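S.K.: Sequence:
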Amino acid sequence: MFSTKRKDIFVLTILSFFALLSLVWIREIDSSEARNLISAREILQNSNWWTPTLNGHFYFENPPLPVWITAFVMMITHSHSEVVLRLPNMLCCIFTVLFLYRSMIRIKKDRLFAFLCSFVLLSTFMFIKLGAENTWDIYTYSFAFCASLAFYVYIKYGEKKNLYRMGILLILSFLSKGPVGFYSLFIPFLLAHYIIFPKEIFRKKTFSIIFSIIIAIAIASIWGISMYLNHGNYFLDVIKNEVIAWRTKHHHSFIFYTDFVVYMGSWLFFSIYVLFKIPKEKESKIFYLWTILVLIFISLIEMKKKKYGLPLYLTSSITIGQLCIYYFRKPYLELRKREKTLLIVQQLFLIVVVVGSLVFLTYFGFIKKEISFGLFFLYAILHLLFLFLFAVGYTEISYAKRVIIFTGLTMLLVNFSSSWILESKFMQNNLLRFRIPIDQEVLENPAPIYSAAFDIEDVWRLGKEIKLLNKNIPDERIIFFLGKNEPKDLLKTYEIKKVYNYQKVTHDTEKLYLLEKIY
Numbered sequence: 001m002f003s004t005k006r007k008d009i010f011v012l013t014i015l016s017f018f019a020l021l022s023l024v025w026i027r028e029i030d031s032s033e034a035r036n037l038i039s040a041r042e043i044l045q046n047s048n049w050w051t052p053t054l055n056g057h058f059y060f061e062n063p064p065l066p067v068w069i070t071a072f073v074m075m076i077t078h079s080h081s082e083v084v085l086r087l088p089n090m091l092c093c094i095f096t097v098l099f100l101y102r103s104m105i106r107i108k109k110d111r112l113f114a115f116l117c118s119f120v121l122l123s124t125f126m127f128i129k130l131g132a133e134n135t136w137d138i139y140t141y142s143f144a145f146c147a148s149l150a151f152y153v154y155i156k157y158g159e160k161k162n163l164y165r166m167g168i169l170l171i172l173s174f175l176s177k178g179p180v181g182f183y184s185l186f187i188p189f190l191l192a193h194y195i196i197f198p199k200e201i202f203r204k205k206t207f208s209i210i211f212s213i214i215i216a217i218a219i220a221s222i223w224g225i226s227m228y229l230n231h232g233n234y235f236l237d238v239i240k241n242e243v244i245a246w247r248t249k250h251h252h253s254f255i256f257y258t259d260f261v262v263y264m265g266s267w268l269f270f271s272i273y274v275l276f277k278i279p280k281e282k283e284s285k286i287f288y289l290w291t292i293l294v295l296i297f298i299s300l301i302e303m304k305k306k307k308y309g310l311p312l313y314l315t316s317s318i319t320i321g322q323l324c325i326y327y328f329r330k331p332y333l334e335l336r337k338r339e340k341t342l343l344i345v346q347q348l349f350l351i352v353v354v355v356g357s358l359v360f361l362t363y364f365g366f367i368k369k370e371i372s373f374g375l376f377f378l379y380a381i382l383h384l385l386f387l388f389l390f391a392v393g394y395t396e397i398s399y400a401k402r403v404i405i406f407t408g409l410t411m412l413l414v415n416f417s418s419s420w421i422l423e424s425k426f427m428q429n430n431l432l433r434f435r436i437p438i439d440q441e442v443l444e445n446p447a448p449i450y451s452a453a454f455d456i457e458d459v460w461r462l463g464k465e466i467k468l469l470n471k472n473i474p475d476e477r478i479i480f481f482l483g484k485n486e487p488k489d490l491l492k493t494y495e496i497k498k499v500y501n502y503q504k505v506t507h508d509t510e511k512l513y514l515l516e517k518i519y
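With the numbering used here, the residue at position 325 of the sequence shown is 325, and numbering never jumps.
To be clear, the hints were calculated from the coordinates, so they are not data collected in a lab. Quick caveat, the model's predicted, so the values are computed rather than measured. Errors might be hidden in some of the hints.
[Stated by the list, open to error] Label pairs and their computed distance ranges (CB to CB): (1) Leu443 <-> Lys307: 25 to 33 angstroms; (2) Ile225 <-> Lys368: 51 to 59 angstroms; (3) Ala391 <-> Ser253: 37 to 45 angstroms; (4) Lys497 <-> Val11: 58 to 66 angstroms; (5) Leu468 <-> Val262: 39 to 47 angstroms; (6) Thr13 <-> Ile367: 32 to 40 angstroms.
Beta carbons are placed, not taken as given, at the ideal position from N, Cα and C, and that holds for glycine.
Produce the complete structure using the sequences and hints provided.
M.R.: Quick look at the structure:
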C-alpha cells in the first residue's frame, strides 16, 4: 500500500495529467511555439546541438535548453506531432507541482498544507494554459520558482543538497530564458526573506548562497560566451535587439498585471482576498511579501504579456494555500463574518460557473449537435453529479473544506468539458484545424521553397526552410514559390509545373507553385 505522502503524490500527478492533457492537443501553434519547434527540428537536421538555427539562420534570441529538450523528444519519438512535443512542458509543470509539495512539507511540516498549495497550482487556469504550450516561459519561471523553494529549505535546515538543488535549478532557469526567471521570482524571494528576517543576512549560509548564485551564473553563461567567441558581432547585435525589444515592444502601463486574479480561474475570489489579508506569522509573511514584490518587479519591465505574469500564479498558490489551511483547521463557528461571506460568495460563484458550463454544453452539444449525443450525455452527467455532490449534505464541519476542494475541481471539470466541445466545434467550423491539408507531394519534394512574405508558422508546417525571395533569381532548377499570386518575375526563367493549395495559420489561402527552370 502507498504511504500517505505517496498517495498525495499519486493524486497530484493524476490531477495534473488530467488538467494538462485536456488542453495539450487542442491549440494551434503560435509564432513563439513555432520557433522552438523549428529550432529543434533544425538541430537534428544539421546535427548541431550547440548552435541553434531558425529557418537556416542563427537563433540566439533565447538560450537553448527548451530547444534541446524538444529536439531530444523529437529524436527519441521520431515524431513531429505538436501534441507529443508539448509533453516536456507538461512534465515540467508536473515537476513544479510535486516540487512545491515536497518543499512545503519540509518548510511547514504540514502534509495537508503542502497538498493544498499544489492542488491550487495545478487547478490554476493560466498555469494549465501555459503548461500546454511548447514555449520557453514555463521552464524559466518554474525552475526559478523551485530554486526559490530550495533556497528557503537550505536556509531553514542547512542541508547542502538543497543548496546544490538551488544552484542546478538556477542554471536551468538561466539556460531557458536568460535572467527572466531569476529577476521575476528568485530576487523577490531573497528580498522577501531578508526583509522579514534581516539578521540572517550576516549568517554563513548567506555567503554560501551568494557563492552558489555566482557559480550558477558562470556555468549558465558558458553557452552565451561560446556564441560570442564564435559569432561575436552577430551575437551582440541579437542581444542589443532583444534589449531594445524588452524596452519598446508590448508596452503597457504599470497596472497591467493587476488583473492577474482573473487568470487564477476558479480561485478568483480567494486570490483577491489574500491580497488584502496580511498574515501574522513571520514565515507566512514571507510568501505574502514574495507575491507583492513579484507583482512590483514584473510591472517595472516595459514589455508586458499576460504569460509573463506566470510568477504571480506560482506564488499565489502558496498564499491561497495558507488561506485554505486556515479554513480547514478553523471551526466554522469561530470564523469571522467576512471569512464566512467569502465561502458563501465562492459557493454561489462555483454553482453559477458549473450551471453556465452545462447550459453551454446543452446549446452546442445537444441543440447545435457539435458533439455526439454520447459525449454530451457524459458531460451532462458529470456536471449534474458535480452539482449534486456540491449542493447537498453540508455540515458546518465540512462546509469550508467542500468549497475549497470543489473550487479546484470546478476548474478541472469546466476545462475538460469545454476544451473537448470547443475542439469539436472548431474542427467543424475550421477555426483551429486546417481544412486543406498539405499535399504529401510537397512534403516529400526536396525542392527549396521561396516566398516574398511568409509567417514563421509556415516554416514549421511545410517542414523545411523558406527562403526570402529577393531581386536575384534562384539558382536551383526546381523550386516552390509560396504566395497569393503567380510569381511574374520568376516566370521569365521558370515555368509552372503544378499548383497546390495551401492554408496559412491565419486561415488565408495561398498557392504553392512548383516551378522548373526553362532552358
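S.K.: For every hint, state whether the structure bears it out.
M.R.: Evaluation of the provided hints:
1. Leu443 <-> Lys307: 25 to 33 angstroms: At 31 angstroms between Cβs, range holds.
2. Ile225 <-> Lys368: 51 to 59 angstroms: With Cβ atoms ~58 angstroms apart, the hint holds.
3. Ala391 <-> Ser253: 37 to 45 angstroms: holds, 41 angstroms
4. Lys497 <-> Val11: 58 to 66 angstroms: holds, 59 angstroms
5. Leu468 <-> Val262: 39 to 47 angstroms: About 40 angstroms separates the Cβ atoms of leucine 468 and valine 262, which means 39 to 47 angstroms holds.
6. Thr13 <-> Ile367: 32 to 40 angstroms: The hinted range 32 to 40 angstroms holds for threonine 13 and isoleucine 367, with Cβ atoms some 37 angstroms apart.
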